[in-house]
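*Asks:* Each chain, letter by letter, is given below.
2 protein chains.
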Amino acid sequence: MPKPGRSVLDLFFRPKSIAVVGASRSTHKVGRIVYDNLSKAFGGPVYPVNPQAETIAGRVCYPSVGTIPEPPELAVIATPAPTVPGIIEEASKAGCKAAIILSSGFSEIGRKGLEEDIIKAKGKMRILGPNIVGILDTHSGIDTIFNPKHRQARPQKGKISFISQSGALGAAVLDWAAMEGVGISKFISIGNRIDVDEVDVLDGLEHDPGTRAIAIYIEGTHRGREFYEKLRETSKKKPVIVIKAGRTAAGAKAVMSHTASLAGEAEIWHGMLEQAGCLEAKEIDELFDLAKALSEQPPPKVASREATSAIQVITNGGGFGVMCSDEILEQGMALARLSPKTVRAIRAFRGIPAHASIGNPIDLTGDSTADMYEAAITAALSDRGVDAAIIIVLFQVPAIETRVVDVIRQAAERFGKPIVVCSTGGEFAQVHRKLLEKAGIPTYPTPYRTVRAMSALVKYAKIRKRK
Amino acid sequence: MPKPGRSVLDLFFRPKSIAVVGASRSTHKVGRIVYDNLSKAFGGPVYPVNPQAETIAGRVCYPSVGTIPEPPELAVIATPAPTVPGIIEEASKAGCKAAIILSSGFSEIGRKGLEEDIIKAKGKMRILGPNIVGILDTHSGIDTIFNPKHRQARPQKGKISFISQSGALGAAVLDWAAMEGVGISKFISIGNRIDVDEVDVLDGLEHDPGTRAIAIYIEGTHRGREFYEKLRETSKKKPVIVIKAGRTAAGAKAVMSHTASLAGEAEIWHGMLEQAGCLEAKEIDELFDLAKALSEQPPPKVASREATSAIQVITNGGGFGVMCSDEILEQGMALARLSPKTVRAIRAFRGIPAHASIGNPIDLTGDSTADMYEAAITAALSDRGVDAAIIIVLFQVPAIETRVVDVIRQAAERFGKPIVVCSTGGEFAQVHRKLLEKAGIPTYPTPYRTVRAMSALVKYAKIRKRK
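As they're listed, the protein sequences go chains B and V.
Whatever position you read off the first sequence (first residue = 1), add 5 for our numbering.
Whatever position you read off the second sequence (first residue = 1), add 5 for our numbering.
Treat the hints as calculated values from the structure; they're not laboratory data.
Do not rely on the hints blindly, as some may be mistaken.
Put simply, identical chains are the same to the list, so a pair is met inside one copy or across any two.
As the list claims (entries may be wrong) - Straight-line C-alpha distance at most 20 Å; calculated DMTMM-like pairs for lysine to aspartate or glutamate:
| # | residue 1 | residue 2 |
| --- | --- | --- |
| 1 | Lys98 | Glu78 |
| 2 | Lys422 | Glu379 |
| 3 | Lys117 | Glu94 |
| 4 | Lys439 | Glu185 |
| 5 | Lys467 | Glu335 |
| 6 | Lys34 | Glu406 |
| 7 | Lys154 | Glu406 |
| 8 | Lys125 | Glu95 |
| 9 | Lys287 | Glu335 |
| 10 | Lys422 | Asp411 |
| 11 | Lys242 | Asp208 |
| 12 | Lys127 | Glu94 |
| 13 | Lys162 | Glu432 |
| 14 | Lys470 | Glu234 |
| 15 | Lys129 | Glu78 |
| 16 | Lys154 | Glu432 |
| 17 | Lys258 | Glu335 |
| 18 | Lys154 | Asp372 |
| 19 | Lys34 | Asp372 |
| 20 | Lys242 | Glu279 |
| 21 | Lys241 | Glu279 |
Computed from a predicted structure; not experimentally measured.
One chain only, chain B, in its complex shape:
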């Protein structure tokens, strides 16, 4: 375990006290939303700062950071861009250690000078931003996200940390994650990153014991070499999944007016991420589909970097079995071959219908029950020819019971082989999907996404073979 206090992230996630500069009397303003959220969830003192208010939400309001009797360790700033350098200067002089600048209107619209002024004014302070939506730690209660909670929910506690260069994208994704039940550990919006950047944040997450997998949305970097080195080092310890946006010329142009960074060549990025041992995602759902699997399930056995894993499919719907088989081969994995002994063991189980098909896939048909799944899963995962299992459970059929969730969880624990589940459907299926995910079994709605998650586990197993 790394010693606490060593990471730059601690300045932002473990301050003793916080000032919110730009806290407002009107409850829908950015500074006020942040103030309200922090004063509810954060354990230490939170000071509102606004020269135009004497009190905010019934608490004494300070005209400036310098007038707070005990200087806050962290300042969260939500005032118009031109006022920010002055505020930073005062905060630095007052002994403030770090600032989060939420305000926009800097280099992304050509005002590079304002950012240089901040750098000159900051002294030893560390700065996150500007032009960010905030940061979130589901464990400590630090939440500086400026979107109101009724519009953007906060996700539950989890093991995935998420770095986003785009604030709006980060916020939309957190909102989606909250609804989907995807757990998040820390979220950091890095925006124009004039000081603390992707390299620093990644370093912090590398040493963060609460982070099991790291998801990154990035448009470009100013520190290519260091970023590569840090990705390489981190991915030896935990899986890192990256979306690189701005792959095309037009996308790269859009990046310039978004976070004012150079998008770089798509092929260079692609090669760099591969070399660094990262998994590349193209899409938001892919980013979290992969992070979910990699943070919950062990990588499967692979004989070598050139080999692949043998996957067994167990289903109660023939069509889904066919689609998963197609995908497993198309995504470069192998279909396991059950030994005759395993086939006999499954056939011998009372109740397995005569029209069930015992091969790969094992199709238990619409007459499936939790008992049949138990027999099939136990026999298949005991088979030395099976490295991992994709289990399809369609909860629409009349006889399947909720107990199948326990059956799958227990098999995952007992055999230590990775399991991912495919389950499509409405409310009844969703309830079971969430039960499965609470039990640490990543569950996806389509064959493609399920197999893609399994493929990521196989890829990560190979990455770990590199050294």
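Dock chain V against chain B, hints included.
*Replies:* Relative to the frame of chain B, chain V by itself:
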């Protein structure tokens, strides 16, 4: 408009009366679930048939189809496979016109003989099945799906009809569609299709005024030439989107034990579908993503079969704008170029923030309001260089109002150019997604899926250029 009564589908979707053979006193049995659903929703008489019961749900139960005083036009059969040929023979003699055989245990497990017996016994009757999950018509109330409604919801009325060779897959998808708010017109599970097959059903849907787009899940066909001809003819009138499963050798093997059909070569299918003017999907969500767009939005202008359309992106989140730009180019479309006049018109609108970026994408930033969207959308869609628009609306930002839904709907009506929306997020975003979709604006959670839907509209515009 085609004359009603001409299609074989009418035998199944517009019978005057129905017998449910295998209706049971126990409420969780397949035959009973079907009987209960039909007797609630279907307008005409529904007769339970079971030699072991005198009454079912308080209604007189008949020992066999032949003993029903007025012969039913349609028989739904849910009895063990070996009993089916005899039941069909009696139903045919009694004057029954059609039967839906839900039972499994036929050629999919090697019992080809039982199917031959049915064919010999059926006389002039038309048969759907065996080994199917049922059929559904959201408009007429015909629902022979054997899964209980608390496990598998039924979707709302809509314009998409869905043919599935896999019953369980069909059921899972309907359940998912119900939750997602995807509207369905007719659903037909075709299973082992010993009589009425994909060609007949497609012919029926071609002439069905309630069907605006057709989605098909298929594993194989016995009538390659006729199926191709029918796909070709149908796709001239309405979009047809097809998933062909069993693409790989292993998938094809799984198909044999699932619906006992020959999967055929992936390349042959791919070429056949392309030639026939169908859109091919690889995944369930893709199938309905495309069907949603194609059933609701007009195809955009394309100059020729070789040309593409110019897409304008309007966003309030920079990262999503970058991702959509990348995808538009990677998926083979062009980014529109706004005329200087259009750019001036948008800039002139009071309230557009100085840090907004007016190009492609138009980025209204997190300060966006419905008024700003209205100004940007109106100006962009008035521009002759814009063939279609992808509108990204992130509902997490503080100032965006619900009125943006009306703004988008009105623009779609006024300009007749296709619009698809990208919106990611939790409950608040979902409410707005559903409002947009009720207004006929297809809405997707990720850039990739949004652009893929737009790409389908462009492809369909080109298909229509063929003749």
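*Asks:* At most 20 Å between C-alpha atoms: does lysine 241 with glutamate 279 qualify within a copy, between copies, both, or neither?
*Replies:* within (13 Å within a copy, 45 Å between copies)
*Asks:* With 20 Å as the alpha-carbon cut-off, assign the pair lysine 242 and aspartate 208 to within, between, both or neither.
*Replies:* Result: close within a single copy only, 12 Å intra versus 58 Å inter.
*Asks:* Should lysine 470 paired with glutamate 234 be assigned to within, between, both, or neither, using CA atoms and 20 Å as the limit?
*Replies:* within (18 Å within a copy, 52 Å between copies)
*Asks:* Under a CA distance limit of 20 Å, which applies to lysine 125 and glutamate 95: within one copy, between copies, both, or neither?
*Replies:* within (12 Å within a copy, 93 Å between copies)
*Asks:* Under a CA distance limit of 20 Å, which applies to lysine 258 and glutamate 335: within one copy, between copies, both, or neither?
*Replies:* Classified as between: cross-chain Cα gap 15 Å, same-chain 34 Å, threshold 20 Å.
*Asks:* Classify it for me, lysine 439 with glutamate 185: is the Cα-Cα distance of at most 20 Å met within a copy, between copies, both or neither?
*Replies:* Intra 8 Å, inter 17 Å, cutoff 20 Å: intra and inter.
*Asks:* Regarding lysine 98 and glutamate 78, is the shortest C-alpha distance of 20 Å or less found within a copy, between copies, in both, or in neither?
*Replies:* within (12 Å within a copy, 89 Å between copies)
*Asks:* First find the shortest C-alpha distance between lysine 467 and glutamate 335 inside one copy, then the shortest across copies, and answer within, between, both or neither for a cut-off of 20 Å.
*Replies:* Result: close within a single copy only, 18 Å intra versus 29 Å inter.
*Asks:* Please sort lysine 422 with glutamate 379 into within, between, both or neither, judging by C-alpha distance up to 20 Å.
*Replies:* This pair counts as within: shortest intra-copy Cα distance 15 Å, inter-copy 53 Å.
*Asks:* Is it within a copy, between copies, both, or neither that the alpha carbon of lysine 154 lies no farther than 20 Å from that of aspartate 372?
*Replies:* between (44 Å within a copy, 17 Å between copies)
*Asks:* My question is about lysine 129 and glutamate 78: at a cut-off of 20 Å on alpha-carbon distance, are they close within one copy, between copies, both, or neither?
*Replies:* within (12 Å within a copy, 86 Å between copies)
*Asks:* As a check of your reading, is lysine 154 near glutamate 406 (CA-CA no more than 20 Å) within one copy, between copies, both or neither?
*Replies:* The answer is between: 16 Å across copies meets 20 Å, while 36 Å in one copy does not.
Taken one by one, the earlier hints all hold for this structure without exception.
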